[in-house]
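2 protein chains.
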Amino acid sequence: MKVKLIIGCSEINSDLYYATKFLAPDDFIYLEKADGKKIIYINAMEFSRAREDARVDEVINSSIYPSKYKSVLHWVVAAGGLTEVVVPEDFPIKYGEILRKARVRIEIKSGIFFEEREIKDEEEIKNIKAAQRVNEKGMKSAIETIRKSKIRKDGKLEYKNKIVTSEFLKEIVDIEFLRGGCKSDVNIVSCGKDSAQPHNMGSGPLRGNEPIIIDLYPRSVKTRYFADMTRTVVRGRASEEIRKIYSTVLSAQRRALESVRAGIKISSLEKNVREQFHGAGYETEHDDKVSQGFIHSLGHGVGLDIHEAPFVGRMNENELKAGNIITIEPGLYFPKIGGVRIEDMVLVKDGGSENLTKFPKTLEI
Amino acid sequence: MKVKLIIGCSEINSDLYYATKFLAPDDFIYLEKADGKKIIYINAMEFSRAREDARVDEVINSSIYPSKYKSVLHWVVAAGGLTEVVVPEDFPIKYGEILRKARVRIEIKSGIFFEEREIKDEEEIKNIKAAQRVNEKGMKSAIETIRKSKIRKDGKLEYKNKIVTSEFLKEIVDIEFLRGGCKSDVNIVSCGKDSAQPHNMGSGPLRGNEPIIIDLYPRSVKTRYFADMTRTVVRGRASEEIRKIYSTVLSAQRRALESVRAGIKISSLEKNVREQFHGAGYETEHDDKVSQGFIHSLGHGVGLDIHEAPFVGRMNENELKAGNIITIEPGLYFPKIGGVRIEDMVLVKDGGSENLTKFPKTLEI
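As given, the protein sequences belong to chains S and C, one line each in that order.
Mapping to our numbering: the first sequence position 353 is 534, numbers consecutive.
Mapping to our numbering: the second sequence position 186 is 367, numbers consecutive.
A hint or two may mislead.
A pair counts as met if it fits within one copy or between any two copies, since identical chains are not told apart.
Pairs of lysine-lysine residues, derived as DSBU-like cross-links and limited to a Cα-Cα distance of at most 35 Å, are as follows [stated by the list, open to error]:
id: 1; residue 1: K502; residue 2: K517
id: 2; residue 1: K343; residue 2: K214
id: 3; residue 1: K542; residue 2: K341
id: 4; residue 1: K542; residue 2: K329
id: 5; residue 1: K310; residue 2: K219
id: 6; residue 1: K183; residue 2: K290
id: 7; residue 1: K318; residue 2: K249
id: 8; residue 1: K337; residue 2: K307
Since the hints were made in silico from the structure, they are not lab data.
Because the structure is a prediction, the values reported are computed rather than measured.
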C-alpha cells in the first residue's frame, strides 16, 4: 500500500495547504491513501478547528497517541501499517530516518509533488487575477508618487517636501495591498546601481534620471494565492544606454509573450530571448567577481508559492500546458549602468495566452 | 573533516539567515568548515549582492559549476572533498539522497541546529524589544477601537457607524505594524466561540459581552526578528464564567512569570500552571471529538522564528538559560464558553526575568 505522506506546517509548505486547505503554523502529518482517502494527524490545539475547516476525510488528534510509541510518526507507521510512502523532495530528513528505521520504503517524488498544482482551475485563476488587480493598485500608487516627485539639484526625488526613499514607496505599496486584502513579505524598489542586482530590495533615497525597478508580489490573505509584476521606470530622462536596454528588454518580452501557448517547448522561450539579447550586443557573463547580462531565468509559475512549477528556463524541456500561470520577465543587468526588468503574469491557453497584467509599460515618467 | 551543511532559502530557513545574514528567496548552499570558515554557493542572480552583503568568508557563483557534475551539490561534494557533514533535522531528503549516493556520511543534528540561537545577544534583544514596542502600538490600536465601540441591540460592535469585524481590526493593526517597520503574515482577532480554538484567526463581526482574543506577532522588516503578545478583552460585561477563567489564567501567568529565571527546569513551569488550573476546577480533556482546557504548551522561544527553542512545555527537561527570550502564555478553552489567553514575552536572566511586554491586562473594557 503506497501512500502519499507530507509532514510540515502549512503556513510554509504549500503542498500541504493545497492538499488540506488548512493553515497551521506547526508541523502536522498528512496521509493520502491509494484509494484517495485523506487523513491528517494534528495536535490538540488545532484539532477542533481542523475538524471544521480541513478539507480532508479524517482528522486525528495526535496529542493522544499511545505512550508506547516514541512519536506520532512512529504511531502512524505502526497503526496504519505503512510499508511504502511517496514523499516530496523537501521532506525533512529527520522523518525520513524514522521511516527508514521502521523499514518503510521511501520514494522521493522529484520536482512538483501534486502535478495538478501546475494546472490552475477556475477558482485558482480567479484568485490569482484578483491578487494581480490589487498588485496593480500597489504599482500605481508607487509609480504615481514617483511621477509627481520633483528632481532636486542633488539628484534625489522629492515629494511633498520630503525625500522619496525606497522604504517610503514600499510602505505606500503595502498599505494599498492591505486595503485590497493582500500582504507581501518583501517588495523590491531599487534604484541606480542597486537595480543591477535583481533581488536587491532597495534602500535609501530614489534618484531622478536613473532606473528604478519595482517588483511586487503580494499574496491574498484569504486565498493564499500570489500575483507577480515588475516595472522599470525613470523619473525624468533615461540615459541612452538605459533607453536601449529598456527597448531591447521590452521587445524581447513582447515576442516571448506572443510565443506563449500550450504545447510550446519551455526552453525555446528563454533561448529566443537570449538570442535577441545577443543580437542587440548584450552578452551574459559570469566570472568569480561579477555576473552581468541576463542573469536569471525567463520566468516561473505562480500560485500558492511565488516561485513554483513550471519553471520557465532554458533547462526545462517540458511543454507549456493550458492552465499554467507563468511570469515572463526578461531583464538585463550591468553593474556600471543599472538594471531593467519587465514582468507580466500570463495564463497559458490553447493557441495563445491571456495576459493577466493590465498595467502599462512606460520607461520615462 | 566534518562540516556543517545547510541548503534552503533564507527567507524561510532561519538557521540559514542566522548563519549568513543574507536574505534570498531561492535555495542556496551553506558550508561551515571545522575551522569555522563559512562558504556559500549561490546562483548568478544573487552572486554580486551576496558578495556585498552575506556575512561569510567566501561566496561562490554556483551558476558556473563544471558541466561534468549533475548538480551544484555534486560539484560541492567532489571539489570540496566532503566526507562527513552535519545537517539540520529539516534538511531536505532529496539532498540527503545525493549525499548518501556520494558516500558522504550524514549526521542529523536533533533539535536546534545553532545552539547559540537560544541565547540572545544584546543586538538581538534590542531587535526583539523594538518589535514588541511596535506590537504594543498595534495592540493598542485594536483595543482602543473595541473600547470606543458601542454594543448594538443585536450584540455586534459598532464603531463610527460601521460593524466592527475581525478583518477590520486586523487591518488597523497591520497599518500600525507598517508604520513601525514591521509586518505580520497572520494576526488573530477571534471572538466568542472562535476564541475557543487557539489558532482560529477570527472572522466576521465582533460582539459585545464575549471574549475577544487578540494574538499579534509582527516581524521587523529590517532585522527579521519577531515579537509576540496576546490579550483577551470583553467589550461590556464578561460572563461570570469568563471572569473566573480570566482571573485563573492571569493568576497562573503571574506565578509563572515570577518563577522564570536561569536554572529553573522548563517542565516545572508548565506543570505548575496545570496544577493551578486543576485546582481551580479546569480540567484538560481530549477525545476523538474535542479538546478542551489548557490545550497547548505554556510558551516558546521567540527570535528569527516565531516558534523556536527553547519550547516551554512539560516535556522539556532542560533548564532555562540567561538570554533565552520566551513567551509565557497560559490559556483555557471551552467550546461552549470561549477562550482566554494572556501572553507576555520575557527575557530570562540570572535570578529572574525582564518582562519585555509593557501592555496592560484588563478584561472588561
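Hint check results:
{"no.": "1", "hint": "K502 <-> K517", "result": "neither (39 Å within a copy, 50 Å between copies)"}
{"no.": "2", "hint": "K343 <-> K214", "result": "neither (60 Å within a copy, 48 Å between copies)"}
{"no.": "3", "hint": "K542 <-> K341", "result": "within (25 Å within a copy, 41 Å between copies)"}
{"no.": "4", "hint": "K542 <-> K329", "result": "within (17 Å within a copy, 46 Å between copies)"}
{"no.": "5", "hint": "K310 <-> K219", "result": "within (29 Å within a copy, 43 Å between copies)"}
{"no.": "6", "hint": "K183 <-> K290", "result": "both (13 Å within a copy, 29 Å between copies)"}
{"no.": "7", "hint": "K318 <-> K249", "result": "neither (56 Å within a copy, 47 Å between copies)"}
{"no.": "8", "hint": "K337 <-> K307", "result": "between (40 Å within a copy, 32 Å between copies)"}
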